[in-house]
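> Turn these sequences into a full structure, and let the hints guide you.
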Amino acid sequence: MRLIFAVLIALPAAASAGHAQTDYYARVGVTGSSKLARDRVIQEIEVHSSLAPTLVLGVALPFAPTYRAGLEAALTTSGYHVQELDTDSDLGTLRTVSLVLGLDGPIAGRLGWRGGVGLLGYWPTEEEGIFLRGGSTRFLIGGGIDFRPALMRQWDLMMSLRYDFHRFTTEELTARGFTGSQGVHRISASIGLARAHP
Amino acid sequence: MKLRPGVPIISILTAGLVGLSCAEIASPNRSEAYEWRLITATGPGTTDTLSFHWPRSRLPVRVYTEDSLNLPAHVEHGLQTWEAAFLYGEFAAEVVADSNLADIVVRVGSPIKVGFATSFERVAAPECEGGTGFDLPAGSSVIQAPVRVFVNPRFDPSSPGVDECLSLTVTHELGHAIGIFAHAPDPGDIMFSDPVVSELSVSDRATVERAYHLEPNLTVAPR
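Residue numbers (the working numbering), protein chains in the order written: chain A, 1 to 198; chain B, 199 to 421.
To be clear, the hints were calculated from the coordinates, so they are not data collected in a lab.
All C-beta atoms in this analysis are idealised placements derived from N, C-alpha and C, irrespective of residue type, glycine included.
Mixed in with the good hints there might be a few duds.
Derived CB-CB ranges, DEER-like [to be verified]:
no.: 1; chain 1: B; residue 1: 356; chain 2: A; residue 2: 34; range: 49 to 59 Å
no.: 2; chain 1: B; residue 1: 335; chain 2: A; residue 2: 185; range: 31 to 41 Å
no.: 3; chain 1: B; residue 1: 247; chain 2: A; residue 2: 180; range: 53 to 63 Å
no.: 4; chain 1: A; residue 1: 24; chain 2: B; residue 2: 221; range: 32 to 42 Å
no.: 5; chain 1: B; residue 1: 290; chain 2: A; residue 2: 40; range: 21 to 31 Å
no.: 6; chain 1: A; residue 1: 191; chain 2: B; residue 2: 295; range: 19 to 29 Å
Simulated coverage check for chain A against chain B, where a stretch passes if three residues somewhere in it have a Cβ under 8 Å from a Cβ of chain B [stated by the list, open to error]:
no.: 7; segment: 29 to 41
no.: 8; segment: 129 to 138
no.: 9; segment: 170 to 177
no.: 10; segment: 181 to 194
Listed below in structure tokens is the structure:
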């Protein structure tokens with residue numbers, strides 16, 4: 001946690017120093033997620049979040065000839081719901097914010113890879129149900145690929161696929177006797193603009 | 199196509215993810231639940247088991263409260279207490295200003311017996327009593343709203359302990375009104391016949407969760 005905050009503070013300063021080499025981008029897309037929790041009262045119950053509109057912002061600085069280190073933030077907002085037998089019931093709105101500290105580098109041509117670790121926060125609009133004692137912050141690990149064809153002189157088109165993984169639980173679930181945590185896989189696809197580099 | 203040296207990092211991350219992703223969250227054991235359904239005699243040697251919960255289509259359940267003896271605050275607390283027992287939005291309620299619109303009506307007074315007899319009229323806390331009445335016409339499986347909750351101070355309402363008694367009694371009676379027809383066997387439960395605790399126990403929560411995930415055999419008439 002401290003490391004991420006330190007990087008958050010240090011990055012803008014470093015970015016201004018090495019402005020010419022700084023990579024920054026913004027994308028919009030969608031994120032899909034596997035189930036957040038499962039339970040069994042009488043029948044099997046699963047909590048899912050819906051396909052979430054996503055905004056991604058990122059900045060990176062080169063630290064070796066072919067590698068960059070950077071920070072990528074992604075904001076999602078979607079409904080979440082519970083499934084039991086054939087019934088699907090809405091539970092409200094859930095927002096997530098992820099901050100991933102990562103590395104990126106080239107694969108081939110304009111195709112690049114990216115991987116990193118970070119934190120993911122869940123913020124429900126209403127503190128109730130599994131979020132009765134508030135949201136949850138989890139460690140996150142993930143990676144993906146970026147394709148950046150040139151679009152304009154100063155801007156590349158940036159198309160990205162991301163996968164990340166975290167283990168989900170909440171304070172309320174723990175207090176209610178749930179043990180362990182649920183492995184959650186997320187995949188996102190997004191498109192946007194990135195600063196072009198010669 | 200030659201891969202760059204950084205690509206193995208992705209392979210290492212992927213291998214780590216596979217290892218991390220195997221286990222699933224484990225549900226709590228809800229074996230502490232007690233019998234919440236009402237078992238009534240229907241004839242010599244025969245019984246019927248009545249169960250009910252408010253359907254999702256009826257949420258939020260509308261509750262009217264008489265503005266007397268601090269009842270609005272007690273009802274607000276009681277509803278919040280029961281709503282907090284659920285993890286998946288199974289129950290929600292809102293207070294309404296007009297009793298004609300209400301699914302549950304909370305008043306000061308002695309229980310009025312309508313439809314099927316409620317067997318939980320008395321609360322043995324000395325300062326007050328309470329009861330809940332369901333209007334279930336003979337031979338019908340459809341409860342007629344509103345469900346009526348009554349609480350009654352046995353002493354001067356300003357006497358010590360009466361307000362606390364009314365608070366826990368309202369929560370107890372709202373438990374009946376949302377579908378826990380029977381009493382809990384343990385004095386540590388809010389649904390014990392002579393409740394002394396003011397909050398839900400693990401057993402109360404497990405019971406109401408089971409009640410709301412089992413198909414009831416009673417329904418409620420449409421608004």
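> Now tell me if each hint is right for this structure.
Cross-check of the supplied hints:
A C-beta distance of roughly 57 Å is found between residue 356 of chain B and residue 34 of chain A, which places it inside the suggested range of 49 to 59 Å. Against the hinted window of 31 to 41 Å, the Cβ-Cβ separation of residue 335 of chain B and residue 185 of chain A comes to about 52 Å, which falls outside the hint. With their beta carbons about 36 Å apart, residue 247 of chain B and residue 180 of chain A fall outside the hinted range of 53 to 63 Å. Evaluation of the 32 to 42 Å hint for residue 24 of chain A and residue 221 of chain B yields a pass: the beta carbon distance comes to about 38 Å.
Taken as a hint, the range 21 to 31 Å holds for the pair residue 290 of chain B and residue 40 of chain A, whose Cβ atoms sit roughly 23 Å apart. The hint said 19 to 29 Å for the Cβ distance between residue 191 of chain A and residue 295 of chain B, and at roughly 51 Å that hint is violated. Only residues whose beta carbon comes within less than 8 Å of a beta carbon in chain B count, and the segment 29 to 41 of chain A has 5; three or more means the coverage holds. Coverage of a stretch by a chain is defined here by at least three residues with a beta carbon nearer than 8 Å to that chain's beta carbons; for the segment 129 to 138 of chain A and chain B the count is 3, and the condition holds.
Three residues within the 8 Å Cβ limit are the bar, and the segment 170 to 177 of chain A against chain B gives 4, so the coverage statement holds. Residues of the segment 181 to 194 of chain A with a Cβ under 8 Å from some Cβ of chain B number 4, which satisfies the need for three, so the listed coverage holds.
Violated hints, in rising order: 2, 3 and 6; the structure is consistent with all others.
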